[in-house]
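**Student:** For what it's worth, the numbering used here labels the leading residue of the sequence shown as 9, then goes sequentially.
Honestly, the hints are just simulated from the structure, not real lab data.
All clues stand as given, with none of them false.
Label-pair ranges, simulated between beta-carbon atoms:
(1) 63 x 24: 36 to 42 Å
(2) 40 x 60: 28 to 34 Å
(3) 77 x 35: 16 to 22 Å
(4) 59 x 24: 40 to 46 Å
(5) 10 x 56: 17 to 23 Å
(6) 52 x 81: 16 to 22 Å
(7) 61 x 85: 31 to 37 Å
(8) 49 x 74: 18 to 24 Å
(9) 24 x 61: 34 to 40 Å
(10) 51 x 73: 18 to 24 Å
In this text the structure is predicted, and so the values were computed from the model without any measurement.
Glycine is no exception: its CB is placed at the ideal position from the N, C-alpha and C atoms.
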Amino acid sequence: MSKFDDKIAFIAPECGAVSLLVRLGDVVIAGFFEPLDAEPRAQVVMNFDLPTYEEREAAAKAHIDNAAITHILDGWDLIAS
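Modelling step: build the complete structure from the supplied sequences, incorporating the hints.
**Tutor:** The following block contains the structure:
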């Protein structure tokens with residue numbers, strides 16, 4: 009089983025939706041879950057077209073950080089892991 013380099017989860021206080029962001033090296037995976045649904049309503053896998061692994065990993069780290077900040081600014085609550 010893979011170990012996540014970063015994992016962040018948020019819940020929308022008004023509706024109970026959950027957003028999960030994980031990073032595995034140079035890949036970011038995001039999922040959006042509605043309350044009571046086992047399968048994600050939306051799912052995105054992102055990789056970055058850069059020449060070196062270090063550049064792709066840095067881009068993935070920056071992307072997950074920016075997504076987390078956006079969630080907080082939009083009023084989502086952080087879920088402790």
